[in-house]
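Counting from 178, one number per residue, gives the positions in the sequence shown under the working numbering.
If you're looking for bench data, these hints aren't it; they were derived computationally from the structure. Each residue gets a CB set at the ideal place from its N, CA and C atoms; glycine is no exception. It is possible that some hints are incorrect.
Label-pair restraints from in silico Cβ distances [to be verified]:
#1 E255 - G341: 22 to 32 Å
#2 E310 - E266: 32 to 42 Å
#3 H351 - L245: 38 to 48 Å
#4 T278 - K360: 48 to 58 Å
#5 K436 - D241: 54 to 64 Å
#6 E371 - A324: 40 to 50 Å
#7 K267 - K302: 14 to 24 Å
#8 K267 - N433: 21 to 31 Å
#9 L245 - E415: 50 to 60 Å
#10 K249 - K302: 37 to 47 Å
#11 E253 - N214: 19 to 29 Å
#12 E415 - G237: 49 to 59 Å
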Amino acid sequence: MKTATWNIRLLLLFTVVPILCVAQSEKADMSGFIQLNNFKFLDLLEDNPTIEKRYVLENGETYDQKFLDSVKTLPENEKFVQRFFTNKEKTLVYIQLAKYTAKDQERVNDEFQDKIKQAKKNKNKLIGENLSELVFSDITGNTYKIADLKGKIILMNFWFTKCGSCIKEIPDLHKMQEKFEGKDVLFFAVTYNEAARIQNFLKKVPFNFTHITDSQAIIDQLGVTFFPTNILIDKQGEVVFFSDFDAFIGGKELQNITKLITKNLKKEL
Numbered sequence: 178m179k180t181a182t183w184n185i186r187l188l189l190l191f192t193v194v195p196i197l198c199v200a201q202s203e204k205a206d207m208s209g210f211i212q213l214n215n216f217k218f219l220d221l222l223e224d225n226p227t228i229e230k231r232y233v234l235e236n237g238e239t240y241d242q243k244f245l246d247s248v249k250t251l252p253e254n255e256k257f258v259q260r261f262f263t264n265k266e267k268t269l270v271y272i273q274l275a276k277y278t279a280k281d282q283e284r285v286n287d288e289f290q291d292k293i294k295q296a297k298k299n300k301n302k303l304i305g306e307n308l309s310e311l312v313f314s315d316i317t318g319n320t321y322k323i324a325d326l327k328g329k330i331i332l333m334n335f336w337f338t339k340c341g342s343c344i345k346e347i348p349d350l351h352k353m354q355e356k357f358e359g360k361d362v363l364f365f366a367v368t369y370n371e372a373a374r375i376q377n378f379l380k381k382v383p384f385n386f387t388h389i390t391d392s393q394a395i396i397d398q399l400g401v402t403f404f405p406t407n408i409l410i411d412k413q414g415e416v417v418f419f420s421d422f423d424a425f426i427g428g429k430e431l432q433n434i435t436k437l438i439t440k441n442l443k444k445e446l
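Throw the hints in and build the complete structure from the sequences for me.
So, in structure tokens, the structure goes:
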């Protein structure tokens, strides 16, 4: 199975939405609606569990159980996927059932491979770059500038609350943090999620890093395209490690980062 195919199926696995039998006489008017990815859709449902949901086909018609049953019998190259749309007020969502053909899969595979290539370029560009001018604020309002943290080793973990691999990594990140407790090492968790969502998450799942929220601008600036991603910055403010796109597979990445931190702690400024 191609990597992109696995990736798509994994996303769909985490996006379990009940398909209801609905009956409406008029076609859905989705003009002005915003398409959401799977994770943004789950965030929206979490924020507003009573939001009105409507179930439609690509042509705007609603579908019923009979049609849904027929979809399940289609051959592999004529599957359907769910797409999600909401109005600007976020009071209504359309869950669209869309045909997904072999051509669509080929296109997604190509786009995924392009994304991997871009990620590698971003990594090669960032390794060795000095980030002294990088400034960010944590969830409690404290501001940090890399230049002011000279002499400290910095690990930036990029994640979000609906990322299963990110959450799975947290216990090992805690072990690393404990290993270097009292040393000149700072640990930041960076996410595009807003502060309120992170605060709610932390009530359920401990994550003891310093949290940098609402940080899509930093994610874009550093070229982070896959999650989780870890970036390690040395005492001089230079990037010495940047995750590969599939680094979370196998669990060796954090071992390598631990070795790099140990090595850099011995270096003088």
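To see whether the hints hold, each was checked on the structure:
A beta carbon spacing of about 28 Å between E255 and G341 agrees with the range 22 to 32 Å that was offered as a hint. Between E310 and E266 the beta carbons are some 39 Å apart, a value that agrees with the proposed interval 32 to 42 Å. The hinted range of 38 to 48 Å is satisfied by H351 and L245, whose Cβ atoms lie roughly 43 Å apart. Between T278 and K360 the beta carbons are some 54 Å apart, a value that agrees with the proposed interval 48 to 58 Å.
Between K436 and D241, the C-beta spacing of about 58 Å keeps the proposed range 54 to 64 Å intact. A hinted range of 40 to 50 Å for the beta carbons of E371 and A324 is inconsistent with their spacing of about 27 Å. Checking the proposed 14 to 24 Å range against K267 and K302 shows it is violated: the Cβ atoms sit about 37 Å from each other. Separated by about 42 Å at the C-beta atoms, K267 and N433 break the suggested range of 21 to 31 Å.
Our hint of 50 to 60 Å for L245 and E415 holds, since their Cβ atoms are close to 55 Å apart. Roughly 46 Å separates the CB atoms of K249 and K302, a value that falls within the hinted 37 to 47 Å. The beta-carbon spacing between E253 and N214, approximately 24 Å, falls within the hinted interval of 19 to 29 Å. Checked against the hint of 49 to 59 Å, the C-beta distance between E415 and G237 comes to roughly 54 Å, which is consistent with it.
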